[in-house]
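Number of protein chains: 2
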Amino acid sequence: MSLEGRFDAETGVVRVGNDARQRYHDSRGYGYPLEGNEIALAPVEAAHLLYRGDLDAVVDDATGDRLDFQAFASREPGTDFGVRFLVYADLRERGFYLSPAAEPWVDDPPGGAVDFAVFPRGKGPGDGEIGYALRIIGERTDVPASSLADGVLAVVDEESEITYFEVTGSEPTGNTATSLPSGVDATLLADRVVLWEPPIDLYEDAFYGQPLEGREYERPTLQCSLLEAAYLARRDVIDLEFGAVRERGREVEGERFDRRLRVYTELREREIVPKTGYKFGADFRTYAEVESVAELGHSELLVRVHPAEAVFEPRDLALDVRLAHGVRKTMVFALVERGDGATPAETDIEWWSIERLTP
Amino acid sequence: MSLEGRFDAETGVVRVGNDARQRYHDSRGYGYPLEGNEIALAPVEAAHLLYRGDLDAVVDDATGDRLDFQAFASREPGTDFGVRFLVYADLRERGFYLSPAAEPWVDDPPGGAVDFAVFPRGKGPGDGEIGYALRIIGERTDVPASSLADGVLAVVDEESEITYFEVTGSEPTGNTATSLPSGVDATLLADRVVLWEPPIDLYEDAFYGQPLEGREYERPTLQCSLLEAAYLARRDVIDLEFGAVRERGREVEGERFDRRLRVYTELREREIVPKTGYKFGADFRTYAEVESVAELGHSELLVRVHPAEAVFEPRDLALDVRLAHGVRKTMVFALVERGDGATPAETDIEWWSIERLTP
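Protein sequence lines correspond, in order, to chains A and B. Under the working numbering, read the first sequence as residues 1 to 359, first letter to last. Under the working numbering, read the second sequence as residues 360 to 718, first letter to last.
These are computed hints drawn from the structure, not numbers from a lab. Hints are not guaranteed to be accurate.
[Stated by the list, open to error] Listed below are the simulated DSBU-like cross-link pairs for lysine-lysine, each with C-alpha atoms no more than 35 Å apart in a straight line:
#, chain 1, residue 1, chain 2, residue 2
1, B, 482, B, 638
2, B, 688, B, 638
3, A, 329, B, 638
4, A, 279, B, 638
5, A, 279, A, 329
6, A, 279, B, 482
7, A, 123, A, 279
8, B, 688, A, 123
9, A, 279, B, 688
10, B, 482, A, 329
This one's a predicted model, so the numbers in the text were calculated from it and none came from an experiment.
Using the sequences and the hints, build the whole thing.
Put into structure tokens, the structure is as follows:
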């Protein structure tokens with residue numbers, strides 16, 4: 001007997017009777033039960049059953065048309081149905097159960113812009129345990145920084161390949177204790193600062209700056225970034241005026257300087273060593289624990305600093321995360337609230353780690 | 360006998376006598392000869408000799424001050440002297456001769472915004488052969504797309520690490536001959552197009568689209584990007600109207616769509632296969648020669664499409680080039696002149712390959 005569904009435009013679900021409840025809901029986690037024998041399917045679920053040949057057709061209640069997969073999938077061409085279907089199908093193909101993140105498919109669904117609740121491998125909708133919240137976008141959809149949330153973001157590119165990103169709110173921590181000298185002679189140049197004869201521990205233990213080639217003496221000539229110098233000036237380690245260094249920083253990179261200084265300061269306060277991330281296209285590469293530069297391990301994080309109101313393109317997420325993965329580091333976005341930039345304030349940075357996920 | 364130079368503010372050079380000509384010019388390629396026994400050094404060259412201890416001091420003619428390296432380097436703190444010195448010193452350290460790209464240091468210097476002429480390893484200023492034109496910037500200096508030129512770009516990051524990029528104007532070529540069907544049934548969705556039953560060669564030989572999982576039949580369900588579909592529509596391969604597909608493309612990504620379509624079309628016309636570069640953060644990954652998808656090699660280029668008036672941040676260059684290198688591909692920037700977007704025009708795309716260089 002052929003199994004057909006009926007699309008009810010008023011409720012937006014596809015209703016299926018006969019033995020659909022046992023075949024598709026109870027044993028395979030599609031839809032939710034209705035009175036009697038019927039189940040209700042979300043359009044994506046119905047489309048998947050059509051695609052697999054488990055449903056022969058969906059009848060449009062309003063028009064009486066019998067829709068096959070092609071016709072049903074083409075019904076609402078202006079929506080994101082396509083990308084949602086592709087991800088749904090991909091995760092089903094990988095052996096996961098997943099349900100629309102709404103009642104009555106799941107009790108207590110995750111909040112926010114979540115499309116599906118994905119269940120841990122081996123678990124289904126009835127087991128009461130959600131693996132993660134899944135959000136689906138096309139590669140051309142902007143992602144406001146304010147919309148980042150714990151869970152998985154699936155990006156469907158223009159050729160229907162899917163990239164999964166695991167997004168986790170996480171505070172970085174470190175364990176680099178440093179003692180700082182004071183009154184070091186320094187010169188402010190156009191876009192960097194030279195420290196003429198600091199104690200070598202400033203570099204070798206605390207990892208500030210970079211010695212000029214050939215001058216790694218007991219008191220080396222140390223070149224620092226404007227950021228490092230601003231931080232050191234504020235602590236009277238060098239004999240430059242903090243305001244002058246900050247002003248130069250703002251001349252060079254505008255308001256980005258204040259944001260980066262806020263994050264640099266926060267990282268140092270957390271006993272993390274931030275160094276420039278330029279070669280990786282990031283703001284910082286960070287070392288959680290530096291005992292000495294001679295025994296330096298690899299940096300663990302790449303940090304990108306963004307204003308809290310930033311909007312990301314999925315393409316840039318792909319690029320940042322892929323590069324980080326390629327050099328065995330984790331990408332972290334530091335979102336900075338607008339502030340006066342003068343003093344660090346603990347509550348105004350949000351930290352998000354973003355990693356590739358193979359579900 | 361201590362060797363000193365004299366800084367002449369009027370000409371901007373440092374003059375050195377005694378045996379400087381033989382020691383520093385003839386045998387080590389610094390400066391250019393003056394009348395009598397003297398040579399003239401650019402400030403960067405003089406600073407390097409001070410740095411190495413080959414000069415004891417530079418006397419400022421105007422003030423009579425005797426300047427050591429620290430004082431001489433700090434003389435003009437608002438200029439790019441710092442970054443120029445760092446790169447000069449680095450290349451010297453690596454064993455290269457290099458001279459300011461101006462007469463009388465070199466005859467017939469390279470045009471444009473070039474800082475130094477770097478000589479091939481083993482050659483010097485007197486051998487009459489320039490290896491490449493070198494331009495030096497700090498990582499915060501914007502790079503207008505219009506300023507790209509054959510040569511090397513050295514970027515000095517905020518901690519004085521130097522990254523060298525080799526920039527080459529280069530036209531991509533390919534050898535993928537394809538024959539296209541016509542009148543294929545297709546549906547335009549929100550951000551992609553589905554071809555319902557095209558001949559499988561359209562994918563397997565010509566590498567258009569991506570088959571939907573589980574539907575790789577003799578006549579597969581093929582999903583195409585809006586770009587691919589626009590190109591195919593214009594050639595009557597599919598039964599959608601070109602204007603409608605282009606309009607959808609513009610809704611999704613604005614004027615970027617027309618630029619990407621121009622480049623996509625140009626690549627296809629050159630018998631190159633462009634596929635989406637999303638996972639690499641690029642516009643396209645390209646295959647020069649595709650015989651069949653079954654025997655597909657690796658794509659060779661990552662192409663980024665930019666408007667001709669774009670301005671790059673060195674950080675983005677670092678990211679793009681590093682990622683390309685990490686996946687063994689070459690980064691190419693395609694600069695597109697503003698146009699009506701209706702027809703491809705051969706003269707309106709400039710192609711620049713950008714690669715990491717270890718001098």
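Holds or violated: residue 123 of chain A with residue 279 of chain A, Cα cutoff 35 Å?
violated (43 Å)
Regarding the pair residue 279 of chain A and residue 638 of chain B, is the alpha-carbon distance no greater than 35 Å?
holds (20 Å)
Holds or violated: residue 279 of chain A with residue 329 of chain A, Cα cutoff 35 Å?
Distance ~13 Å between residue 279 of chain A and residue 329 of chain A Cα, so the pair holds.
Restraint check for residue 329 of chain A with residue 638 of chain B, where alpha carbons must lie at most 35 Å apart
With Cα atoms ~18 Å apart, residue 329 of chain A and residue 638 of chain B stay inside 35 Å; holds.
Given the hint that residue 482 of chain B pairs with residue 638 of chain B, test it: the Cα-Cα distance must not exceed 35 Å.
violated (43 Å)
Is residue 688 of chain B within 35 Å of residue 123 of chain A, Cα to Cα?
Violated, at roughly 41 Å.
Given the proposed pairing of residue 482 of chain B with residue 329 of chain A, does the C-alpha separation stay at or below 35 Å?
violated (41 Å)
Does residue 279 of chain A pair with residue 482 of chain B here, judged by a C-alpha cut-off of 35 Å?
Given that 35 Å is the threshold and the Cα spacing comes to 30 Å, the pair holds.
Run the distance test for residue 688 of chain B versus residue 638 of chain B: straight-line Cα separation, threshold 35 Å.
Cα-Cα ~13 Å, so holds.
Would the hint linking residue 279 of chain A and residue 688 of chain B be met if the CA-CA limit is 35 Å?
holds (18 Å)
Of the hints listed earlier, those the structure fails to meet are numbers 1, 7, 8, 10, in rising order.
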